[in-house]
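There are 6 protein chains.
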Amino acid sequence: MEKFIEKARTLVEALPFIKKFNGATFVIKYGGSAMTDEKYKNLFIQDVVLLSLVGVKIVLVHGGGDDISGMLKKLGKVPKFVDGHRVTDKETLEVVEMVLVGKVNKEIVKNINLHGLRALGMSGKDGNLIMAKKKKSHGKDIGFVGEVTSVNTKLLETLDRDGYIPVIAPIGVDALGNGYNINADSVAGSVAEAMKADKLIYLTDTDGVKISGKYVHSIKVKDIPKYIKSKDITGGMLPKTMSAKAAIEAGVKKVHIINGTKEHSMLLEIFTNEGIGTEIIK
Amino acid sequence: MEKFIEKARTLVEALPFIKKFNGATFVIKYGGSAMTDEKYKNLFIQDVVLLSLVGVKIVLVHGGGDDISGMLKKLGKVPKFVDGHRVTDKETLEVVEMVLVGKVNKEIVKNINLHGLRALGMSGKDGNLIMAKKKKSHGKDIGFVGEVTSVNTKLLETLDRDGYIPVIAPIGVDALGNGYNINADSVAGSVAEAMKADKLIYLTDTDGVKISGKYVHSIKVKDIPKYIKSKDITGGMLPKTMSAKAAIEAGVKKVHIINGTKEHSMLLEIFTNEGIGTEIIK
Amino acid sequence: MEKFIEKARTLVEALPFIKKFNGATFVIKYGGSAMTDEKYKNLFIQDVVLLSLVGVKIVLVHGGGDDISGMLKKLGKVPKFVDGHRVTDKETLEVVEMVLVGKVNKEIVKNINLHGLRALGMSGKDGNLIMAKKKKSHGKDIGFVGEVTSVNTKLLETLDRDGYIPVIAPIGVDALGNGYNINADSVAGSVAEAMKADKLIYLTDTDGVKISGKYVHSIKVKDIPKYIKSKDITGGMLPKTMSAKAAIEAGVKKVHIINGTKEHSMLLEIFTNEGIGTEIIK
Amino acid sequence: MEKFIEKARTLVEALPFIKKFNGATFVIKYGGSAMTDEKYKNLFIQDVVLLSLVGVKIVLVHGGGDDISGMLKKLGKVPKFVDGHRVTDKETLEVVEMVLVGKVNKEIVKNINLHGLRALGMSGKDGNLIMAKKKKSHGKDIGFVGEVTSVNTKLLETLDRDGYIPVIAPIGVDALGNGYNINADSVAGSVAEAMKADKLIYLTDTDGVKISGKYVHSIKVKDIPKYIKSKDITGGMLPKTMSAKAAIEAGVKKVHIINGTKEHSMLLEIFTNEGIGTEIIK
Amino acid sequence: MEKFIEKARTLVEALPFIKKFNGATFVIKYGGSAMTDEKYKNLFIQDVVLLSLVGVKIVLVHGGGDDISGMLKKLGKVPKFVDGHRVTDKETLEVVEMVLVGKVNKEIVKNINLHGLRALGMSGKDGNLIMAKKKKSHGKDIGFVGEVTSVNTKLLETLDRDGYIPVIAPIGVDALGNGYNINADSVAGSVAEAMKADKLIYLTDTDGVKISGKYVHSIKVKDIPKYIKSKDITGGMLPKTMSAKAAIEAGVKKVHIINGTKEHSMLLEIFTNEGIGTEIIK
Amino acid sequence: MEKFIEKARTLVEALPFIKKFNGATFVIKYGGSAMTDEKYKNLFIQDVVLLSLVGVKIVLVHGGGDDISGMLKKLGKVPKFVDGHRVTDKETLEVVEMVLVGKVNKEIVKNINLHGLRALGMSGKDGNLIMAKKKKSHGKDIGFVGEVTSVNTKLLETLDRDGYIPVIAPIGVDALGNGYNINADSVAGSVAEAMKADKLIYLTDTDGVKISGKYVHSIKVKDIPKYIKSKDITGGMLPKTMSAKAAIEAGVKKVHIINGTKEHSMLLEIFTNEGIGTEIIK
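Residue numbers (our numbering), protein chains in the order written: chain A, 1133 to 1414; chain B, 1133 to 1414; chain C, 1133 to 1414; chain V, 1133 to 1414; chain E, 1133 to 1414; chain L, 1133 to 1414.
Same chains, same label: a pair holds when it works inside one copy or across any pair of copies.
The calculated DSS-like cross-link candidates involving lysine-lysine, where the alpha carbons are at most 25 Å apart (straight line), are:
id, residue 1, residue 2
1, K1342, K1363
2, K1267, K1361
3, K1286, K1242
4, K1268, K1363
5, K1222, K1242
6, K1235, K1206
7, K1267, K1242
8, K1173, K1222
9, K1135, K1152
10, K1222, K1171
11, K1266, K1222
12, K1151, K1242
13, K1222, K1235
14, K1385, K1328
15, K1222, K1209
16, K1173, K1135
17, K1266, K1286
18, K1212, K1222
19, K1235, K1212
20, K1209, K1235
21, K1346, K1135
22, K1206, K1222
23, K1235, K1205
24, K1222, K1205
25, K1242, K1266
In short, the hints are calculated from the structure, not lab data.
Using the sequences and the hints, build the whole thing.
If you want it as structure tokens, here you go:
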């Protein structure tokens, strides 16, 4: 019995946080091991469902790296990179789209729906959700790689009003119908910007951002360029921190970078004052 | 850190219960020490707020025995009882109404509002919420003691639609404007009946219903008359079990009788499979 | 028959006034003999019901002086005054609240409902309707006496949309849950201000405001300070005229001070061009 | 001053009647001297406006006899009658329609609008309000004389929702677009039937129905055939009482036949218990 | 079969135009032979119905010249003109109103309704749709000839929301209830202005506007005064072009003057890039 | 010019059909060459857009045979069939889902959106749109091949209310989250059934159903079993006609089987009385 009372106490301790985020909008970039590793997958979905049930409006944006590479390999496509960007020809784009939209997206949708909620998966082509344009890399043509030009927030509001959780694959489309593969971190940033989200959360496989070799709890937006110059921020943290900067400058309240391989890391970040990853704030 | 993860696990364990009761209506009879003892008061309010934030629609009905007796005593009124019913003359009724509506009710309203929710207190006279008629006790006139004839559920729905938690004092009114003091247990039962509530919860100072000297976990409605005859059910349990019977026969799904002096008893009853009080079921 | 035709003529004569106030909001401070004397009580309720039926949105704010003093006396509390303000300790506040909310308020609610309308009584604690702060009197602590800081007009609109007449007891609450006894005249003024009411009506026991010993029909807001200085305006007229001034400066169209012991004085003020009390205008 | 108080008393005396009819639907057949005589016209409009402002939903159906005959005469048409029905050829119908819709209807609309309300005039052709079919008189073809087959109550509800008072000219239309002149008494009856009106009121130039040479206050529907056989009911009272019978059998609560040349007769009928014309009841 | 495929091709060719005007508002001045000649009448109604079904919101304003003159003649009224304006005494106005509202208007309403749509005819008096004032002609009194002062667009929106097509007779009313005969071209212009219509279309009996003796396809608003001075624009084209100018300056996107005696001229103007009449643009 | 008038005439000829289907729901099974051949693709989309603009509510269900086989071949999967059903192991299902949802579905969505409409693609997993169960073939396990158990029509209504055209890939899901490949013809039938569609249209590569070697214009539902027995109906026509039968028995008004390789065949079927394929009726 004492065990149960302890449990009830925990629920009640979460009250101030539940009250704080009731009605808030969280855009979550879902990726890394939390998306691919069976161990973490279910824990993540539980966290999403819990947040949704206590009144948080969730929008998921997912990536899909490993599955894409696997399929391209099976199909005998030799990967080509320019300045770290995958050169995306028409055939590669088709595979990217198939894997992201037809496999990864529906897997997430299915898992959420299994918990009794109602998720609805979308490519950026659906209802022209993500309008995009071709991205150049230092002036070089890297194929069908895009960047977001606008987000159809009205569609997201319609779905929210009827209680659906949107799950978005990072595919964009331009006015001529060309599809584009877009970095999922920056799609998440653009969606958060367009919705003026309360939080933008990046799920990664590390414990946050390292500055001078140590994970830090909090970073100010104005210091990001400095850390990029000092090479503290590099690699996959670049699009995350750049998108975080843009999002915060456009009105998003806070950005979190947290470790999806830590059990319930998302709840810990939100339901404790300490948090466990790196927050990016104004 | 492990402590926090443990907490998150507890939150997630509550998921199936949260999902089950999201959107459900609970009518709670609030009374006993949980209402008068500072130790339990705050714990109860926290439970109410938590249930409300995870999507349960709460209606509170409260009693107010001790405060009433105290005030009557201060005013020099000598209590008179007939068959266990307080004989309620006009002056007594006025005191009952003042204490219940002007003191006890507003104290509860204030406490809930302090937690950031919006409670709205009401007497049965407000918006003709509780229509009542004179109750006779074995043919004897016991004054302005009443029983419920109908409940204005439309008002409760209006308040719910705008997110207010109704807090109801057990005063009724008849078509001529006469006020009546009504047993709070039976008001709670009538409100639950009228709203076809999912749960009707009685908060008491004991661990439930004792049959043959032992607290039992579950009672079937059809056995209640038998237990009354056998004097297993007596005293304050009589109006509770009788109202429970009527409520369940009118479509309320389950009635709980739980101990409000056990920390978070309401959460335990709802968020665990075991529960801790007595449930009354079909 | 001629008598009846005469009656019909009277109804028709009221047409221009009915048209003028259809859809308008009147905040009425209800007090004095019109509230306590059986002779005038029913006449007042009839006036309220009539105004409501011809399309005026009514909000009542009531006082309750005599009942409070009576109850305090019965309980053996010795009144203490500082600069004309009743020093309100915790115990006194509790009695004030019980009498105002549990007795006076419900009596008015009941009387309106008896006429087939739907009134809903509220303390300022309900739905945090009246937020208040402690008032100081010339720097001296006079206990739980407050002044209004804000009014939850959204709740009043919700009730109006569903056809309920709000009846407000002048109790306020602060962010810490402390209750305050507030002058009913100034609560009425604050409610009128917050709702940008068309009319604010003070029901008193005199024929209006006397200037140089004579009742005047009309007073300009800008002249009020002058009349206060000249001691034409003193006593109970001070909070009324000061609240009237604030209300008109905040957009209320007109304030009336009328005699509630004159039969149908409110109708006369509104349905005739002459009026019978004192109006305060810009 | 006493005079004014007397007036207020009269307003208050009307309260029970106002309460009774608040939200009720009255279909009024407007005709006779009340429509053509300047003396009575304005009094009638005032009554309509008053009823509307105290919450009665009004639908007017008007006739137009004299104006039609006048215009036909000016145009040199020789009237022809069969069994009391005007034989209506195409040219006659055109004149009837022009006078009813283009003149009489707009005159009424204008007069109501002058009082600050919003009337909207309609022929049965507008929005297919009155669908009709050809009427035969004892097997003889009497031209474009029709009877109602259905009423588009949805249009009337739309107009009511936005606060418009419908004013209907008794012209019907069939599925082929043929127009029909219809007896205004029976159009009023059909509209009242279709709307399940609370009252159907016939304004005439006499004091009601005479039975055995004396005006009677009340007639039972079941006695109408008897009175027709006994020739107590003849002439213009035939379509009124027949439509009244059909309306009451279809759910209309009460039918009134009152004298429009008596000042405020409509108010008297409604706002007094005595009434002044003949009522037809179940 | 090939014939049918050709037809389908034509439907599909109309697609870009249908998409362009879906949801747009067209105000159409209906007059001339298209309104009086049986040959063109039905073709016009078909065009209106087609536009309505592909999502264009239609408002019709009609004239009625010939019918009015015919009726005045029948009634022996001798026409009198001042500066080209018909001097309109009270009796003339009555005839104008009867013919326009009671005959012409209802004929159009009936014809549209026969095609399964729902038209609702109105005079400017209905719901105070067209408020007007007396017009003077060079300082001379020409009787009840008016000009528009305001349009009750709210009524038009109400009707549109429920799918009714408003058909408006060019009669206005002032605050005293005086009716006015108004030039239908300028009523159409005022309605288009008030509704900020996408198109204002004048149906005439000529192929558009002639400049220097030749029909031109397009006229700029700024050139209209020049063409009036040069007498290129005279007679009936004056009110059309002047109203067009005012409408475009008030935000109407385009004005068309087209020949209603050319089969389907309205569709040709709208569904082809070439068009067939004269457009007036900014 | 004459050419243009001819075009307008064609538009007007379509009027009765447009009126007939305004507001109707068409479920279209999109497949065969009309989906894969560039020649016919664009013509089909134009037909869909036209129907949508004239007020038809469209729901598309598509297949994807060739693309699936192509991809399976590329991935080296050897196809295995049992009784004509493709044996669908887990890996095959994954490929089927990727191709249908990630490629074929988004291609259709993109093409419709390019025409200015708003299509939203969905798998049956999205919002649990298509609930399914495992299908057995003569008792043999053929893997993840399913049949529809229910359709979430509420989601389709939500999308329709906001003007989105649903495009559905024939993937179902069961309560445990297992995906199923379902015959697109029978998904279309189930969707039409669930929505009580006005029309269910099958687009094929032949001119309809052949009976005794000749294409027939019309088939009665009751004759379908007979034609199956006589082998007139075989192969791909079996699921179509069986689904048609079930749909019509469940309230769908008419089923059409038409040739998608004939230009504008869908418009011809709908906008002409003759039609060009085979209709299945009650």
